[in-house]
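The listed protein sequences derive, respectively, from chains A and B. Counting in our numbering, the final residue of the first sequence is number 242, and the numbers go up one at a time with none missing. Counting in our numbering, the final residue of the second sequence is number 242, and the numbers go up one at a time with none missing.
FYI, nobody ran anything at the bench for these hints, they're computed from the structure. Heads up, some of the hints might be wrong.
Note that identical chains are pooled: a pair holds if it fits in a single copy or bridges any two copies.
Think about it this way: if two alpha-carbon atoms lie no more than 27 Å apart in a straight line, the pair counts; the simulated BS3-like pairs of lysine-lysine are [claimed, not checked]:
#1 K231 x K138
#2 K184 x K106
#3 K128 x K235
#4 K235 x K100
#5 K162 x K106
#6 K155 x K106
#7 K162 x K128
#8 K128 x K100
#9 K184 x K155
#10 K231 x K100
#11 K100 x K184
#12 K183 x K155
#13 K162 x K235
Protein chains: 2
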Amino acid sequence: MRPQIVLFGDSITEQSFGLGGWGAALADTYSRKADIVNRGYDGYNTRWALFLLHQLFPLDSTRPPVAATIFFGANDAALLGRTLERLHVPVEEYKENLRKIVHHLKECSPAMLVVLITPPPIDEAGRKEYARSVYGEKAMELPERTNAEAELYAKQCIALAKEMGLCSIDLWSKMQETDGWQKKFLSDGLHLTPEGNAMVYQEVIRVFYEAWLSAGEMPYDFPHHSEIDGKNPEKAFQRQCL
Amino acid sequence: MRPQIVLFGDSITEQSFGLGGWGAALADTYSRKADIVNRGYDGYNTRWALFLLHQLFPLDSTRPPVAATIFFGANDAALLGRTLERLHVPVEEYKENLRKIVHHLKECSPAMLVVLITPPPIDEAGRKEYARSVYGEKAMELPERTNAEAELYAKQCIALAKEMGLCSIDLWSKMQETDGWQKKFLSDGLHLTPEGNAMVYQEVIRVFYEAWLSAGEMPYDFPHHSEIDGKNPEKAFQRQCL
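Looking at chain A on its own, in the form it has when it is part of the complex (with noise of 0.2 Å):
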């Protein structure tokens, strides 16, 4: 039966089943070959994603996930002392829950190919312009986000991608690299443009591709309809299915 990939993170993860999203992407590109599940929760952090591991990723599973994607830090970077201080952590305590998810997956499957993902970078003007559009005249005038506290934890990200030998995708370096990233990738200085999404999706695909998990090396779950005689289709039947 067909494996899943499962996309764990925060809203960012949520959302990409949107127009153009990259989990739908990912879903068209597995067709046939693996089911894309989507475990994105809006607003969450480290510290509250851990409360959802065993239930999500039940150790006892006997068919655990070929692989996952492991985005959060855009909640955990929100600065304490303003408006959403609710969904801060230290960032010593992001890569330590970072790590905690890591092995929680690790111990469900150790096949498993873990990904992680930084936050992505934070355009400061857009999150402004985002919060007027939303609260008028009551908008903060300092910003729950700023670029450089995204750098720190997208960094310890990578370190901890380096520890313990994961994959990983730097997302807030690699989207600097283009001219315009603040409105060619992002939408409301932090969620993402079509843009975004397909760069997210390149970047997915790319890590799989080198960990061998590539949509064109893996099986049909059922035989191609090519291959099903029309006068004797059990037959194509039986030689996969039994």
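On the provided structure of chain A, position chain B as indicated by the hints.
The following block gives chain B in isolation, referenced to the frame of chain A:
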């Protein structure tokens, strides 16, 4: 844990997670509420679909899907004596195969919401253009599918839904209510444009809504972030998880 909604069908279902696809749009709508599982099989007719039933919908499943769309007929209606006659299934058999599929799903779970979707109408000129673009001069002059033939299958699909008291979507009729349906809804005379995808999405959502399977009424699978106390997060998780 999150309930499943299965989309079972042919290539129109398989492609439903492409850009603007109706499956991806459902996944986005039911985000945090239900998993949309794509079980579309390019080129499959109802005769071949029967071979998959026990693996896709095991009778001993402890968590069967809460709903399923059954969307076949476009291949069954391929004409005898034309290029795709290998896919042809007589219309009486198509109806009986659909009945067997529904019986299996209801045996799997009597409470499962089963929605029958008719094949879309066929734009024969569009099919011919498509064949020429792929096969050039070698393309057969006679189309492999006709709209008149598709109508027979659509009518039997709707008749079966009435006999069995099931929800149904008469896509064949619905699309043809709009002038210019041929190019507006169909990209190659058979598969869906973004507008065609939007129509299927809206029809499925409408039927689900009428059957009390509205995303708005379904619970989140874990607490919404606004319900989590930053200082005592465990409270919110105890309430929902115990």
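* Evaluate K235 and K100 at a C-alpha cut-off of 27 Å and name the case that applies: within, between, both or neither. => The answer is between: 21 Å across copies meets 27 Å, while 47 Å in one copy does not.
* Please work out whether the CA atoms of K155 and K106 approach to 27 Å or closer within one copy, between two copies, in both situations, or in neither? => within (22 Å within a copy, 52 Å between copies)
* **Homomeric proximity label, K162 with K106: Cα distance no greater than 27 Å** => within (16 Å within a copy, 50 Å between copies)
* To do: Evaluate K162 and K128 at a C-alpha cut-off of 27 Å and name the case that applies: within, between, both or neither.
  => So K162 and K128 fail the 27 Å test inside a copy (34 Å) and across (55 Å) alike.
* **Identical-chain pair category, K100 with K184, by Cα at 27 Å** => Close neither inside one copy (34 Å) nor across copies (51 Å); limit 27 Å.
* Asked: 27 Å Cα cut-off: does K162 pair with K235 within a copy, between copies, both or neither?
  -> Classified as neither; 48 Å inside a copy, 35 Å across copies.
* Are the CA atoms of K184 and K106 at most 27 Å apart within a copy, between copies, both, or neither? -> Answer is neither; intra-copy 36 Å and inter-copy 49 Å both fail.
* Asked: When no copy is named, should K231 and K100 be tagged within, between, both, or neither for a Cα gap of at most 27 Å?
  -> The answer is between: 20 Å across copies meets 27 Å, while 54 Å in one copy does not.
* To do: Could you place K231 and K138 in one of the four classes (within, between, both, neither) given a Cα distance threshold of 27 Å?
  => Between copies only: 25 Å across, 71 Å inside.
* Asked: For K183 vs K155, is the C-alpha pair at or below 27 Å within one copy, between two copies, both, or neither?
  -> within (23 Å within a copy, 50 Å between copies)
* To do: Up to 27 Å between alpha-carbons, please classify K184 paired with K155: within, between, both or neither.
  => within (23 Å within a copy, 48 Å between copies)
* **Homomeric proximity label, K128 with K100: Cα distance no greater than 27 Å** => So K128 and K100 fail the 27 Å test inside a copy (34 Å) and across (57 Å) alike.
The earlier numbered hints that this structure contradicts are 2, 3, 7, 8, 11, 13.
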